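Note that the protein sequences, when read in sequence, are chains A and B. If you're matching positions, the first sequence starts at 1 in my numbering and goes up one per residue. If you're matching positions, the second sequence starts at 1001 in my numbering and goes up one per residue.
There could be a bad hint or two in this list.
DMTMM-like cross-link-like pairs, simulated, lysine to aspartate or glutamate; straight-line CA separation at most 20 Å [said to hold, decoys possible]:
1. K1075/B <-> E1212/B
2. K97/A <-> E1010/B
3. K1661/B <-> E129/A
Because the hints were derived from the structure by calculation, they are not lab data. Computed from a predicted structure; not experimentally measured.
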Amino acid sequence: MKRGSMRKVTLEINGKKIEKEVQDNTLLSTLLREHLNLTGTHIGCDTSQCGACVVHVNGNSLKSCTALATDIDGSKITTIEGLATNGKMHPMQEAFKKLHGLQCGFCTPGMVMSAVDLLQKNKKPSDTEIRDWLEGNICRCTGYQNIVAAVKEAATKM
Amino acid sequence: MASLVGSRVERKEDKRFLTGKGRYTSDINLANQTYAIFVRSPHARAQIKKLDISKAQKSSGVVSILTGSEIAEDKIGGLIAGWAIRSEDGTEMKCPANPPLAKDIVNFVGDPLAVVIAESLEEAKSAAEKVSVDYKVLKAVTSTADAMNGDTIHEGIDKNLCFDWLLGDRQKVKEAFDKADKVISIDIINNRLIPNAMEPRACLADYNSASEEITLYTTSQNPHLSRLIMSAFGNVSPEHKLRVVAPDVGGGFGSKINVYNEDIVCSWAAKKINRAIKWVAERSESFLTDIHGRDHVTHAELAVTNDGKFLGFKNETIANLGAYARVFGTVTPTYLFGPCATGVYEIPAAYSNVKAVFTNTAPVDAYRGAGRPEATYTIERLVEKASMELGIDKTELRMKNFPTAFPFKQTLVHTVDSGDYIAGMEKAKQMADYNGYEARRKDSESRGKLRGIGVSSYFEACGIAPSAAVMSLGCGVGLWESAEVRFNPTGQVTVYTGSHSHGQSHQTTFAQIAADELGVPIENIDIVHGDTDKGTFGMGTYGSRSLTVGGIAIVNACKKIVEKGKRVTAKMLEASPEDVEFKDGEFIVAKSNKKKTIGEIAFACYLPGVRDEMKSPLPEGEEPGLKETAFFDPSNFSFPAGTHIAEVEIDPETGEVKLEKYTACDDFGRIINPMIVEGQVHGGLAQGIGQALYENAEYDETGQLMTGSYMDYTMPRADNFPEFNIGYTCTHATTNPLGVKGCGEAGAIAAPPTVMNAVIDALGGQEITMPATAEKVWKACKNLKKSNSKAA
């Protein structure tokens, strides 16, 4: 049984043009994980609370479980797999590694994508501003302290 | 060569997690796989009168629908309790059968009774909606405190009582209380929590009809243990025909120790339909069916003298097991709880009595700390109350009752090998500027705020082992750990550990240890775990045991490698093995310049012989190859300890509690990687503070989970915490060669009483229950105003 009708979407994902036939109820997170095998984007809840699925859509962070693939037709998308350039990790990725901003790694892709967007919008955020911004990303391992430190470290490198 | 043990080595596992290359169970897909959806009970307690799958079977894409009847016909075993606990009267505990799919009766909301397997996830969901079940709804039992007065849930288990356990001597305690100047008593609730690892549980079962092997990818903290349980008790497959792989696992905290219904059902069904089956929990399923933690109702008393010496301790607890007793369900509220309830104090007489009850709620099992947070909360709330009632400073009262000599024979079970509790307290006070508190309190007061300070001191028994001890206490398996150290001919090393990392950083910490032991660069060492095909056996990771048990197995296997290397070097260099020394990766013949690197020796072990330039004869009787295995079973638990201090500020107008300062001073023995230990402390604190201020799992009287999503269950967020101030004292453990103690659970153990003691201090000693939500605190603030105005 097919619940929706099929539509073609054209997206630029991590610098590569993609054309896909999707159902009109397909979430962006599903498209990334199930259709394109970009499994770095994670699904941690079913209520758009956890933030593990954050990606960038046209440069802005977005929980990819909140968007229908058909609604963002024509967009440019960056996922965690597309953040490094020429094999060199992004300063945010480097900072998370240097300051132990991750443990099990499950919330990490969303956390990093969200933090990168913060620094795009606020080059030198305070601790409070970082903590407020990351309120939509849940981490169960780190107690957030080293994540905050990593974001501050990245701010000095970006 | 500089030692790596003690250094802040960056993690080897990070790059894959940071670049989206982690491989979690839900990331794995197999050709021609099917998708499973479980039909779950919407009722907390009901009889299944009729289960009709006929309409669902006709739904598009359905491959198979299996129910409790088929599971029973195939004699697939149920889920088990891993520890047998005896009641005070000597009788064995009473546990119900827990079939992987319910056939006649369901006992909690989420209890599965059928599985729908289809070509796509959407088709499986759609068909599952068409499974029709006729239930006769029965009255549910949900309250921990009243469970013994409720309807009998499981036939033959009177009063819903699994056991009524006693540790300690009631008569001695009575005598101690008779001598007391004062008795401090307290009634507390240790609130129910949901572990909430960020990766929801998942499994993917595959069957190869030619080799008759099942491969199960699953979110487990202990793949070998899961295989053993599924084989020996689940009857799913002989052990050698079942491979369990726990790849990258996104957090566990105890919730992924258990073999779950879905693991057994998908493995069994994959063989039945001869196709791979994938199941991934939605978060709402995780809330309903992952094991929950804590859920105790306790009355405790402390007998004291007027000058503050502790004489006796009583602990009467009712512990909720949920609907069924699972792997660590029965040991968590007994041996992991009772002995630690006397805390870090010399108390001449004590007992812990625990009544474990069944209710129509999700099974309760080990969650980070498991029993020790409940123990520490009990004694530390009581001691704080004693300090208020006796008018003795809270730190002085504690220090007055600390042991001063080690080994410290704790009242109920443990002999603590090492520690210095006074040094820990003094350092914590200094770090927290304890003496400057009054000025900060006055400052808060001047702004119309209430400020409170709370202290707690803890010890815990972790590094869960030793087999002889745990088996005598009822454990169904030994709790040693294994390691294999394998050299390649070209000198790189693969270390297999039977423990499992789901965030703990084994790939780095264990590589640091092996690098130091073998003198091999850390980049040439790979740590492998999480696959029953890759190592002999392992007991897994829980109870802060990875390093203290698993890490020592690696040390011992490395030592065997070095011993063999000495023998081979002696033969090659025509010396006696006793004259060969090993240092920094080199075997050196004493009083000579003759030496071989460990890489050369590895090569020689794989190419034993003499020809032309190659001269690598092995000693007579020596086997070729360079691989050693060690199984380590320690002589005792490990006993980390420490003192934590918190300060909170309360806005009496809103009841909002702001955690202003948090200081943790812990003794974890020798620290292998300070960066990783800090991370473990931070994470533990976040969960402990979460319990005190935010988190609570709540069922209504019909057994519906009221906190079944992240919109209802308060997960701590980044903006809930201050920057933690953490530090250490160090006494080396004497029971293992590295001197290490566990660090993973300390924060979750110490934080709840520390924070609640601060909140209750701010509220003038008024008891409130966890979590200290704004509503409860606001009401307490109103009471405070009333009593203040009466006093005026």
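Comparing the hints with the structure gives:
Simply put, K1075/B and E1212/B have alpha-carbon atoms about 18 Å apart, close enough for the 20 Å limit, and the pair holds. For the suggested pair K97/A and E1010/B, the alpha carbons sit about 7 Å apart, so the restraint of at most 20 Å is met. Straight-line distance between C-alpha atoms of K1661/B and E129/A comes to about 19 Å, which keeps the hinted pair within the 20 Å bound.
Comparing the model with each numbered hint stated earlier shows that all of them hold.
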